[in-house]
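2 protein chains.
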Amino acid sequence: MGTDRLRLAIDMDEVIADAFTAQKSWYCETHGYDWNDEVLQGRHFNELANPEHAAEMETLLHRGEFFRGLNVMPGAQNALLTLSERFEIFITTAAMEYPASCAAKFGWLQEHFPFISPLQIVFCGDKSILAADYLIDDNVRHFSRFKGQGILFSAAHNQYVDWTPRVKNWTEAVSLLDGLATH
Amino acid sequence: MGTDRLRLAIDMDEVIADAFTAQKSWYCETHGYDWNDEVLQGRHFNELANPEHAAEMETLLHRGEFFRGLNVMPGAQNALLTLSERFEIFITTAAMEYPASCAAKFGWLQEHFPFISPLQIVFCGDKSILAADYLIDDNVRHFSRFKGQGILFSAAHNQYVDWTPRVKNWTEAVSLLDGLATH
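In the order they appear, the protein sequences are chains B and S. In terms of this note's numbering, the first sequence opens at residue 1 and continues consecutively. In terms of this note's numbering, the second sequence opens at residue 1 and continues consecutively.
Just so you know, these hints were derived from the structure itself, not from any lab. Note that the structure is a prediction, hence the values are computed from the model and not measured.
Pulled a few chain B residues facing chain S out of the computed Cβ check, cut under 8 Å:
1. Phe-90
2. Pro-118
3. Ile-121
4. Val-122
5. Phe-123
Calculated Cβ distances over 10 Å to all of chain S for the following chain B residues:
6. Glu-14
7. Thr-21
8. His-31
9. Trp-35
10. Leu-48
11. Pro-51
12. Ala-55
13. Ser-84
14. Arg-86
15. Glu-111
16. Pro-114
17. Trp-163
18. Val-174
Backbone N, C-alpha and C define an ideal beta-carbon position, used for all residues, glycine too.
Whenever a hint applies, use it, and build me the whole structure from the sequences.
Structure (structure tokens):
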């Protein structure tokens, strides 16, 4: 990659940005859904909600502003700071699913990850376009044509997906990557 | 790349979108600059204009809407349609220099290049993140860490830059790429 450091691509939603909790809260507050953790395992919200309510959420996501207010995933800031020393980090999000989200996502990154340069941000669709050694993502579909190693970040929806390596949180992700970087 | 087709990454400004003419017209209409072609060879507008005027243009670019009204570069639509048969095409633009331009650039592509899927659009900063066989761009700085072959698309500002291969227009670009794809 023209540098001594390995290159690490990192997804946003469900990996560094907590879209899951925000969506769950919206469904609860707006329509009274009270899903427990068990029912959400292996499922997406739109499989559980009334189709009209799921369409409302989709409209909200398409408007883009929803992504501006997401919480940071636990430990993500420190993890990325630590990993920056050893890896060349790129934030790589499939923003083209919701093109209007680009400005919101950019503002969110500037606020919560100010140490990530805009030059290291990638808004794309098909992640096989990424030239990186590792990709941390909650969707295995992005790994199929990716030339590097996909690392699955656990999320409710991917609980029954078979993929190795898988990490549960940022503590596990840093441990795994520490091992890889020293090989 | 997981496909039989070679992958071709294509820049937007000065390659498929005529930002040069739009900027030149703005400088002329707003501040009366009447630069001839010769004085623009090898130079950027901000090297020639009064710094205050250049700063106004920069503000305009940062607002983003400027990019929505650009003309298509001559022959670009037919060229990309033709090349799509033989190459897997991605539009790869350094939109992170002007983050507010993302929505405008996306809308422009949907209007003028409706056959390009949103999944094939990449807004990035450092283009070394692209996994592609070829990159057509008017800035050689994007070629330095790019792992594929950079193809320089001629623009006034790059006239004195030394790079091979260079193409003057989309007719030359299609000829060159036809030769490469059949090798």
